[in-house]
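Protein chains: 2
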Amino acid sequence: MKRIRTGRRPGNPDTREAIVAAARRLFVEKGFDAATMRAIAAEAQVDPALVHHYFGTKEQLFVTVMQFPMAPSEMIGEVTAGGAEQAGMRLVRLFVTIWDSPVGAIGVSVIRTAMSNDLSMKLLREFLTTQVLRRVVADLGLDPAQAPLRASLVASQIAGLAMMRYLMKLEPLASLPPEQVVAAVGPTLQRYLTGELDGSGSAAA
Amino acid sequence: MKRIRTGRRPGNPDTREAIVAAARRLFVEKGFDAATMRAIAAEAQVDPALVHHYFGTKEQLFVTVMQFPMAPSEMIGEVTAGGAEQAGMRLVRLFVTIWDSPVGAIGVSVIRTAMSNDLSMKLLREFLTTQVLRRVVADLGLDPAQAPLRASLVASQIAGLAMMRYLMKLEPLASLPPEQVVAAVGPTLQRYLTGELDGSGSAAA
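Residue numbers (our numbering), protein chains in the order written: chain R, 1 to 205; chain V, 206 to 410.
Hints in this document: simulated from the structure, not taken from any laboratory.
We put the CB at the ideal spot given by N, CA and C, even for glycine.
Among these hints, one or two may not hold up.
Residues from chain V shown here face chain R by an in silico Cβ test under 8 Å; the list is partial [unchecked claim]:
1. Arg330
2. Leu354
3. Ser357
4. Leu358
5. Ala360
6. Ser361
7. Ile363
8. Ala364
9. Gly365
10. Leu366
11. Met369
12. Leu375
13. Leu378
14. Gly391
15. Leu402
16. Asp403
Working from the sequences, and respecting the hints, build out all of it.
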C-alpha cells in the first residue's frame, strides 16, 4: 500500500512549487537583486532555510524558475575564459552548439512564451540582464561606461539569430553549417564587445 | 432609411474579406510566387477581375493581408537608391525611424502574432522573403550566390533589434538616440550586405 501514489505526494513537492512560484513573482516585481531569499521565503510562507535547502543559491533558484537546462555561469565561463579578443567568436559558437542540440527546443519555447506574455518577457529580460549579460561584461573587464550598451547590442544579434535560425527558420541561415554561422556573426559580436560603436568616419549616409 | 447601418453592409466588404482570407491561406500554403491572383480568386469564389479591382497587384494584396501600413517597395527604394555602399546605415536609420514612430506598434503586434502561431510565422517569413529581402538584394545588385545568406543575416540583426529595443525594451538599447543606434548597428548591416562573411583570418578561436 505504501507504494501506491495518490497523484500528489505530501509535503516537499508542494513546498518546492510554492517557492518557485513566489520567486517568479518577486523576480518580476522587484527584480533579481531586490528579491532576497528571505523575501521569497516570506512570499512562499516557508522558512528561509528551506529555500536554501532546496535551491542552494538565488542564482540556482532563478535558473529553476526559468526551467533552464544548465547554469549560465558555467557556459559563460567557457566564453570569457580566453579573454575579450576572441570572445565574440566563442560566444556565437557556444550559442549555436547549444541551440542546434535538442536543448535548443527549450530556448525556442522560452522565447515564444516571453513573446506572448508581458510577465514572462520581464522575467526573461531580468534573467538575461542579471544572469547572462552582467556576467559576460564583468568577466571580460569591459569599460563600465560602455558595458551595458555593448551587452544589449550583443543580446540583439543573438536574439535575432535565435529568431531567424530557430523560430522562423529563414533560409539559408537556418541550415547554415555552424562554423559558417560563427564566421558570419562572430565579428559582429566581437565588434559589439570590444570595437568602436560610434560609427566614427562611417555613420554619415 | 438609406443611411441606417445594420451592422453589415451588403456585398463589397464581405467579398473583400473573403479575398483577403483566401490570399492569406494561399500565401501560407503555396508561397507568394505560386499563389496566383487567379488561384486566390478561385479560393475566394470570386471573379479574378474583382481581385484586381480591389487590390491592384498581388504585392498590394499581400501588404493588405499583413495589415502593413505602407508598401515595402517604397521604403526599400529609399534604402537602395544610393547604392550598396551606405545601404546598411540607411537601412537601420529607416527601420528605427519607422519603429520609433506610432507605426512601430503595428510591427510589435505582427512579431508577437507570428511568435504565437505557426501559420502567422510562415506568412511573415514569406512576406519578409518575397516583399522585403528579395527586393533589397535585387536593387543593390548583390552577387546572387551570396545574396540569400546576406539577406538572412540582415534580417537576423534587424529582428533582434526589434525584439530588444521595442518588445523586450532592454536598456540602454531601448532608449538609445536613433543616430547612436545607426552608428552602432549600421556597420553590422553594411558588412552583411557587402563585406566578407567567411571570417577569413579571424574565425579561429
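Results of checking the hints against the structure:
no.	hint	in the structure
1	Arg330	5 Å, holds
2	Leu354	5 Å, holds
3	Ser357	4 Å, holds
4	Leu358	6 Å, holds
5	Ala360	6 Å, holds
6	Ser361	4 Å, holds
7	Ile363	7 Å, holds
8	Ala364	4 Å, holds
9	Gly365	2 Å, holds
10	Leu366	5 Å, holds
11	Met369	4 Å, holds
12	Leu375	5 Å, holds
13	Leu378	4 Å, holds
14	Gly391	6 Å, holds
15	Leu402	5 Å, holds
16	Asp403	5 Å, holds
The structure shown violates none of the earlier numbered hints.
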